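Can you build the whole structure from these sequences, using the hints too?
Protein chains: 2
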Amino acid sequence: MKYREAGVDLDAAERSVQSLGKLVQSTADAYTLSEIGSFGGLYKVPSDVADPILVSSADGVGTKIKLAFMTGVHDTIGRDIVNHCVNDILVQGARPLFFLDYLGLGKLEEAVVSEVVRGVAEACKENNCALLGGETAELPDLYSPGEYDLAGFIVGIVGRASLIDGSRVREGHVLLGYASSGLHTNGYTLARHIIFDVMGLSHDSEIPGLGKSVAEELMTVHQSYLPVLIDPLSHNSIEGLAHITGGGIPGNLQRVLPQGLGAVIDRSSWEIPPVFRILQEGGGVSIEEMDRVFNMGIGMIAVVEETETSSLISSARERGSDAWVIGEITDGGGVEYK
Amino acid sequence: MKYREAGVDLDAAERSVQSLGKLVQSTADAYTLSEIGSFGGLYKVPSDVADPILVSSADGVGTKIKLAFMTGVHDTIGRDIVNHCVNDILVQGARPLFFLDYLGLGKLEEAVVSEVVRGVAEACKENNCALLGGETAELPDLYSPGEYDLAGFIVGIVGRASLIDGSRVREGHVLLGYASSGLHTNGYTLARHIIFDVMGLSHDSEIPGLGKSVAEELMTVHQSYLPVLIDPLSHNSIEGLAHITGGGIPGNLQRVLPQGLGAVIDRSSWEIPPVFRILQEGGGVSIEEMDRVFNMGIGMIAVVEETETSSLISSARERGSDAWVIGEITDGGGVEYK
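Protein chains in written order, with the working numbering: chain U, 11 to 348; chain Y, 11 to 348.
Errors might be hidden in some of the hints.
The list makes no distinction among identical chains, and a pair is therefore deemed to hold if it is satisfied within one copy or across any two copies.
Straight line, CA to CA, 35 Å or less: simulated DSBU-like cross-link-like pairs of lysine-lysine [claimed, not checked]:
1. K76 x K222
2. K222 x K117
3. K222 x K135
4. K54 x K135
5. K117 x K32
6. K76 x K32
If you're looking for bench data, these hints aren't it; they were derived computationally from the structure.
Quick caveat: nothing in here was measured; it's all calculated off a predicted structure.
Encoded structure:
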């Protein structure tokens, strides 16, 4: 009996590692020391950061991944996981150093793995992040044929003086909401249930009233806020940052509020993108539940001095992004809507 | 409709995060700056390492995880993934700094998550590694009920002068094989197929001739070689290291051989543990395939000067481990057996 007969193909794994090597090498920077195939990836600690702190995060893309299985489009999932991770360390003021991925699959299909890793590698390049390695594991008895899970792991760096930890957040600070590109990577179990089971659409159906297909809308790549926020962060114009993921605005903004402070969000201050209204109506979901599950059009919230808002908004718009003043920090506890 | 009805329980996720927090905090060290619940984990770059290089690795535990589902024992899988990752960076001379995990589940069962993370946290403590955070994701449409996948990410550090990259490996160097504790985390798709499908055993059956149950043998924790190798590494007594994982001795030793050098392994130099003989006979597997899929009783190979061998072997035995001279570096290419 050979291992292949039990469902694991070591030769395919080896070929896959080789073709991925080129993609990975394209993300290397001056600090990258190793090539793929060594046991661990090597990265020099940058010497130009005073009191350096490493900021690290692990994440997945949730059941957004099911859209990739449905459509056969796999690179966008790779981009999603990188951008998600970049945002998660950005909120502490860190810029990315390197990224690793874990890809568990039912069967190692080289074309699928290449597409996922192509997306990962391209997003790494866009975020000035080295793709240092990763693991591709064939687990035939755990994942169904054609299915896989993808986890990402990022390490970034910030000097202690530039660390954002919420301690600078004060009453009267303004909440600047940055536009999301769509659902990002949260709420997909509910969204898929509403779209496919309740509304009876398929991935290539046009969403009524949206002029876009289900796949087009639901597979829009999770936006990286690094390009928009890297300059303001370097000028210390940001007092706090919340990446709006699972838990929505209330759940994530709460995490950056110092004890005794609260936040009020003005619902009328930005236009909730149509997809969220369609999901809400299609599924009969309460607004409270919508707020907790989805980003509702706001992918990142910056806590800033009021005097900074106009230049931050202009700067975002110059980079093709959008931002609005959506609320403020108050002396009450918790996150409330008005 | 609530998110819970679509299969995701945000309250359970929140409770789970809180109970895990204590476990995670127990692994904190002087460099750990953040608690669980912030977006990214924070870790100060240690200032006592000259020319510091970060060494990072991502890995999974393969289908060994299916044994956890069968038996309801989940902490050992947590220990497996940490030790596996520790070994993967140890081979480049690095000691662990911090670890993050990704746990994707069909349904978030708090008892299961706690047990997995307890194993992760305990192994992190044993390896002087901070558990900096992680992601627990409920993906009801991807994993079957009661099933999950577990990925680990580790970051370690090594000074450039102590980096092991194979460049010091020379003809005539001796191969020191360190005993594995069992299958570690490789070859489980084949092993499970042979044990359960071909031999018709169940997880609580005694393996004939072994005096141990299937679960006891197959769930033995992947050994960490940090305790045995940290001193020899600090004294620069090691020229090269290969962690014997998927690909076996040939596949992994090859990765540390400089161009033009080879290795000869003497099969008679160590006793292959009975479980591998039982798998080979039970499955009718060729010895070449066995060598490529399983570690065959050798979990780590150190390339050393012959003069170092006796003190390294004594030192391993003092720590309750075992090691044997199992071969040498030759001027031929490739890894051969005699």
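Item checked: Hints not upheld, ascending by number -> No numbers; nothing is violated.
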